[in-house]
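Model the full structure from these sequences, guided by the hints.
Protein sequences appear in the order of chains A and B. Numbers 1 to 178, taken from the working numbering, label the letters of the first sequence in order. Numbers 1 to 102, taken from the working numbering, label the letters of the second sequence in order.
A portion of the hints provided could be inaccurate.
[Stated by the list, open to error] Ranges between beta-carbon positions, derived for each pair:
| id | chain 1 | residue 1 | chain 2 | residue 2 | range |
| --- | --- | --- | --- | --- | --- |
| 1 | B | 94 | A | 1 | 33 to 43 Å |
| 2 | A | 72 | B | 66 | 29 to 39 Å |
| 3 | A | 94 | B | 57 | 31 to 41 Å |
Hints in this document: simulated from the structure, not taken from any laboratory. Each residue gets a CB set at the ideal place from its N, CA and C atoms; glycine is no exception.
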Amino acid sequence: MPSSFYILALFTIVSAFCAMSLRNLIHCALCLALTFLGVAGLFLHLNAPFLAFAQILVYVGAVAILIVFAILLTRGTEQPRERTATQLLFSVPLSIVVAAILINAAFSTRFAAPAVISNPPAATAATSVRDLGIALMTTHVIPLEAIGLLLTVALLGAVVLALPERKAQAEGEGSDRR
Amino acid sequence: MNPLHAYLAVSAILFAIGFGGVIARRNAIVVLMGIELMLNAANLNFVAFWKYGPVTQPDGYIFVLFSIAIAAAESAVGLALVILIYRHFKTTNLDQTNRLQG
Numbered sequence: 001m002p003s004s005f006y007i008l009a010l011f012t013i014v015s016a017f018c019a020m021s022l023r024n025l026i027h028c029a030l031c032l033a034l035t036f037l038g039v040a041g042l043f044l045h046l047n048a049p050f051l052a053f054a055q056i057l058v059y060v061g062a063v064a065i066l067i068v069f070a071i072l073l074t075r076g077t078e079q080p081r082e083r084t085a086t087q088l089l090f091s092v093p094l095s096i097v098v099a100a101i102l103i104n105a106a107f108s109t110r111f112a113a114p115a116v117i118s119n120p121p122a123a124t125a126a127t128s129v130r131d132l133g134i135a136l137m138t139t140h141v142i143p144l145e146a147i148g149l150l151l152t153v154a155l156l157g158a159v160v161l162a163l164p165e166r167k168a169q170a171e172g173e174g175s176d177r178r
Numbered sequence: 001m002n003p004l005h006a007y008l009a010v011s012a013i014l015f016a017i018g019f020g021g022v023i024a025r026r027n028a029i030v031v032l033m034g035i036e037l038m039l040n041a042a043n044l045n046f047v048a049f050w051k052y053g054p055v056t057q058p059d060g061y062i063f064v065l066f067s068i069a070i071a072a073a074e075s076a077v078g079l080a081l082v083i084l085i086y087r088h089f090k091t092t093n094l095d096q097t098n099r100l101q102g
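If you want it as structure tokens, here you go:
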């Protein structure tokens, strides 16, 4: 493995740890954006440039900004002591156990890896955006339509969810006037 | 080290960090951030298997594309729910928002 992989992996993991452990929520969100950037770098490392830029556009550009907005909108009541000792006592060993199990499972499984490494052009051919678009428009066109529908429904759902209290208030005022 | 194993190890650590955050933190937004981290770890697994796995079709690639879109929809709805909960309970602490009925 080249050293750039280790640097990227270390960057991603350290920023992910900061995102989950820092006390200030804004710092958490910014570290999460750094983590997304690190994962995008790993995608680039895996010879998937389109996915890396989709990751940057969607995660760093949209999701991280959305999270910052949500943090700023829900500020007001900062609870002074969020974490207690018992929560850390349970969560840290539990997450270490999860990581150990997953890594052990990955390392103890014999994958049929050499088949692809011997002929890399087959794997890299799909990275061209043209092939990707053709695949999306022919074999995967129904999932593509479904994802478009899902995004529309999610957009409408988010708007409807954020509205109702004001609507209920307006209805209350209307009944008061009667 | 086998490159596939290296990526799987990074993904497993990322997943465990997100999992620990979901368990330990009590702020709903940080819990959502942990879920995003776990989704990212899964995406990394998909791409690693697409690159180094036995199947040479672009399915893993396209799967990650759909996964990113679904994660975006999930975070939009989730954060709208968090804002709704904050408006109702005046807090985003999950220990204090344990009633379904207002």
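Okay, the hints, checked on the actual structure:
no.	hint	result
1	B:94 <-> A:1: 33 to 43 Å	holds (39 Å)
2	A:72 <-> B:66: 29 to 39 Å	holds (30 Å)
3	A:94 <-> B:57: 31 to 41 Å	holds (36 Å)
Violation of the numbered hints given earlier is absent; every hint is satisfied by the structure.
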